[in-house]
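Q: The hints should help you fit chain R onto chain L, whose structure is shown.
Residue numbers (the working numbering), protein chains in the order written: chain L, 6 to 368; chain R, 6 to 368.
No lab work stands behind these hints: they were computed from the structure. Heads up, a few of these hints could be off.
When chains are identical, the list treats them as one kind, so a pair holds in a single copy or across two.
[Claimed, not checked] Below, in silico cross-link-like pairs of lysine-lysine (DSSO-like), each with a Cα-Cα straight-line distance of 27 Å or less:
#: 1; residue 1: Lys53; residue 2: Lys325
#: 2; residue 1: Lys53; residue 2: Lys114
#: 3; residue 1: Lys325; residue 2: Lys132
#: 4; residue 1: Lys53; residue 2: Lys333
#: 5; residue 1: Lys333; residue 2: Lys114
#: 6; residue 1: Lys39; residue 2: Lys333
#: 7; residue 1: Lys325; residue 2: Lys39
#: 8; residue 1: Lys53; residue 2: Lys39
There are 2 protein chains.
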Amino acid sequence: MSLPYGRAFNFSAGPSCLPIEVLEEAKEQLLNYKGTGVSVMEMSHRSKPYEQIIGEAEQDLRTLLGVPEGYKVLFLQGGASLHFSMIPMSFLPEGASADYIVTGSWGKKAVEAAKMVGSANVVYDAKATNYDRTPKLAEVAATPGAAYIHFTSNETIQGVDFFEDPSTPGDWVCDMSSDILSRPVDVSRYAMIYAGAQKNMGPAGAVAVIVSDAFLDKAPASTHPMLDYRLQAENGSMYNTPPCWTVYICGLVYKWLLKTGGLEARAEINRRKAQVIYDAIDGSGGFYKGHAQPANRSWMNLTFTLPDDDTTARFIAEAKANGLAELKGHRSVGGCRASVYNAFPEEGCRVLADFMTDFAQRA
Amino acid sequence: MSLPYGRAFNFSAGPSCLPIEVLEEAKEQLLNYKGTGVSVMEMSHRSKPYEQIIGEAEQDLRTLLGVPEGYKVLFLQGGASLHFSMIPMSFLPEGASADYIVTGSWGKKAVEAAKMVGSANVVYDAKATNYDRTPKLAEVAATPGAAYIHFTSNETIQGVDFFEDPSTPGDWVCDMSSDILSRPVDVSRYAMIYAGAQKNMGPAGAVAVIVSDAFLDKAPASTHPMLDYRLQAENGSMYNTPPCWTVYICGLVYKWLLKTGGLEARAEINRRKAQVIYDAIDGSGGFYKGHAQPANRSWMNLTFTLPDDDTTARFIAEAKANGLAELKGHRSVGGCRASVYNAFPEEGCRVLADFMTDFAQRA
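Looking at chain L on its own, in the form it has when it is part of the complex (with noise of 0.2 Å):
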């Protein structure tokens, strides 16, 4: 089959795909954004129109997410990883403790990050079963007195997601890089939210963090101030210039979401959209084996073993020849991983799903 303009089906994990009229009026605009005569690329920050690009943008995202009162909502950079350091400089005063619950890759980085400024609290580790599933939130309570408490919703390189927010006290901090706006989430349970934008939101570059202002009055007065929430909230994410281009493509991307049913409409969507996979694995006979336990496998990141490495290689040659690329799966899981975030068309799920059980029937 052939898409618009030549482009093919992108099961990248990140950097991925973006929608296809995002991509459209971005071009459309590229020389001269709605007659300023200015690109957004060579707009000032502080110009008018630019204002408006990030201000829309946070209220959108707002909309998207049901973000309650009391909360900020930032474009920082640095990607999650600088996070993962910024969240205990800010957050992890000398003397106390912060529980992590680490269910995959992403969250081994996010405690390593915490160990180097204060003492972390693994309450939670999946390494025994090689990261294949999650805890129910409600059996991994918080330390009493902790600082707070992070797990991350949706580890993209093991493919298995929560699929709850939390419902015990705790200051819950949550990394959602790869599944945020991929269904409703409830806000009002969290402390704070942060998700790297190249996944499901737009181009690498940008971090959206939501932060309650109660969360954020336990910050140090003063520290870095890049490394400083607080000198964010306060600047309205505009310490320095910004990343003006991810965040005016993230802010097509929410127009998008918004105009195609929100959030519970993309639910819908994404479960069809792993389904269709996951079906394809489990009716496999075994030729493919689904990596995470079926309660925790991420509509976001599918992650399946073939029988042997040969097969996987010729799998992953013979998908790309088809169309299908970007299906080689991280080393630490191996075998292969299909990324459908929200902007990977549904049509894409079905061809891959037709395609591997064709390919199962001839190996």
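A: Chain R alone, transformed into the frame defined by chain L:
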């Protein structure tokens, strides 16, 4: 006069105008980069096409600046502001002191960040003359034993430029955010050069860092990953996902600079571009007053005042109506600022100069 695509002459101080050829190429490739089937915004940073993009960007930047052997060239995040903090965190060990030359607003911010880490010694400060000049670098010797000596080659807000490389001993660290690539420099004179992309290289969201191996060896063995120059160097700027699109556009700008004669040719053009506007200032019989001392007048950011605030406001409004945008100066200097970075067309400088002369005669 009318420009292609209804574009304006954009005097923004940053983000600022990009070469029209670069924008046209980015537009052309926006939905499908060179037959890969994906946009650069959607491309895995670990993919071969992206490795080629960032690899060529690095190589072209090395070629343009004549970076000698023994230097790393990195593309990082956080703007120069994050590096104001990362530099002392990495290179100002306990018990040592670093020297800072302060010739404007950005140099002040750099020294403030250093003081949060340790001892910073201001060896020159142009505050008494409201930052209208720079010293001769040879006359500002580094303190014996200083960890490094820092300066801002061009102050964007005040519009003053050193126009020289260091020639005395010491580990010279330079923030070149607003004049990098505007003329040739002798990189071998520096321990480290860094520059935000959004003035003379590309969109906001990346910082180019050029650092000598010898200086890098002085960094601590381990720090937070995203604040660790050494780790970033070991990972070829890809410890985590880089700001892919920004680096891609920077790469296109580097190719444009190479194709149009490199930095020798660019310096000639920049000198001419600035001169035509400074001539309009000096030929106005005192109607316009340049902020910077003549020897230190920036080629990139041209700062001048008018007789009073009302006249200034009228000048800016009339200029805008004539397609000359973003001429308002920064509040700390007042008046006007015309930023005419590499990509700003020479013709626009003539148009502004003519407008200035005409306006002064009418006023």
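Q: Taking the hints in turn, state whether each one holds.
A: Hint-by-hint comparison with the structure:
no. : hint               : result
1   : Lys53 with Lys325  : between (44 Å within a copy, 14 Å between copies)
2   : Lys53 with Lys114  : between (39 Å within a copy, 26 Å between copies)
3   : Lys325 with Lys132 : neither (32 Å within a copy, 62 Å between copies)
4   : Lys53 with Lys333  : between (44 Å within a copy, 14 Å between copies)
5   : Lys333 with Lys114 : within (22 Å within a copy, 45 Å between copies)
6   : Lys39 with Lys333  : between (40 Å within a copy, 22 Å between copies)
7   : Lys325 with Lys39  : between (38 Å within a copy, 16 Å between copies)
8   : Lys53 with Lys39   : within (12 Å within a copy, 35 Å between copies)
The earlier numbered hint that this structure contradicts is number 3, and it is the only one.
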